[in-house]
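When the letters of the first sequence are read in order and numbered with the numbering used here, they come out as residues 1 to 221.
Accuracy of the hints is not assured; some may be wrong.
To be verified - Label pairs and their in silico Cβ distance ranges:
#, residue 1, residue 2, range
1, Pro207, Thr76, 10 to 20 Å
2, Gly29, Leu155, 10 to 20 Å
3, Thr58, Gly136, 16 to 26 Å
4, Gly179, Arg47, 18 to 28 Å
5, Pro157, Ala211, 20 to 30 Å
6, Arg47, Pro117, 37 to 47 Å
7, Pro120, Gly91, 36 to 46 Å
8, Gly91, Gly154, 14 to 24 Å
9, Phe75, Arg216, 18 to 28 Å
10, Gly78, Gln158, 34 to 44 Å
11, Gly162, Gly78, 41 to 51 Å
Since the hints were made in silico from the structure, they are not lab data.
Beta carbons are placed, not taken as given, at the ideal position from N, Cα and C, and that holds for glycine.
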Amino acid sequence: MTGNLTVLERGGLRVAPLLLGSTLTVVRGGTAVSVRLTEVEAYEGQRDPGSHAYRGPTARNATMFGPAGHVYVYFTYGMHWCMNIVCGTEGTSSAVLLRAGEVTGGLDAAVARRGAPAGPRLASGPARLAQALGIGAGDDGSVLLPGPAPGQDGLPPQAPDGIWLSGIRSRRRPGTLSGPRTGVAGPGGGPEYPWRFWLPDEPSVSPYRPAAPRRRRTSRL
DNA sequence: CCACTGATTTACT
DNA sequence: GTAAATCAGTGGA
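Produce the entire structure from the sequences given, and follow the hints as far as they go.
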């Protein structure tokens with residue numbers, strides 16, 4: 001199974017459910033961590049009020065406007081990194097946010113990075129997933145490589161640094177669930193955009209949470 | 001279990 | 001100036 005990633009060009013909304021159950025492996029400095037994806041969200045560029053690309057290209061979202069098969073990584077809330085896979089044709093700014101997964105390889109490294117015990121919460125939530133994988137500053141724009149990483153599935157080890165995706169489906173798995181996106185403010189977070197997808201009966205799937213009500217931050221008197 | 005709060009920085013208005 | 005595709009901790013039921 002070589003991994004043909006041309007399916008990503010179909011766009012995030014079509015691709016998101018196909019990513020469920022696939023395996024993402026990140027190799028950094030000789031350490032590999034793998035997750036089996038259980039929860040994702042699609043973002044559809046300038047036609048999607050919930051997307052970072054809704055108001056057009058900026059320095060931050062530039063990678064989203066590039067070709068499919070690259071990684072869009074953004075920093076938010078002053079401390080968290082989140083990871084997307086860019087989909088669609090170049091210029092459409094479509095992407096899929098990777099929200100949760102089950103750690104299937106490199107458990108010790110994932111536990112060390114997270115500073116949390118092994119268990120279903122280790123990579124449950126987009127920031128936890130990115131942290132477990134070692135994704136952060138400098139990974140935005142990285143290329144996604146097809147197929148299992150070297151060292152997996154009987155391949156010889158000694159993988160160079162890289163991000164691999166294997167096992168993407170060509171058809172949506174029956175029983176796949178969907179609903180409104182988590183933490184998205186405004187109309188993009190409503191039921192008109194049920195673009196969050198997850199697998200049933202997976203403990204790593206994060207609980208749904210509506211956008212946080214605006215909390216007063218300055219001048220508390 | 002649930003509700004609420006602080007953390008902490010960037011990008012954009 | 002302010003909101004942000006979040007998370008960990010606290011306190012209460």
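- Query: Which earlier hints can't be squared with this structure?
  - Reply: Checked against the structure, the hints that fail are numbers 5, 8, 11, while the rest are satisfied.
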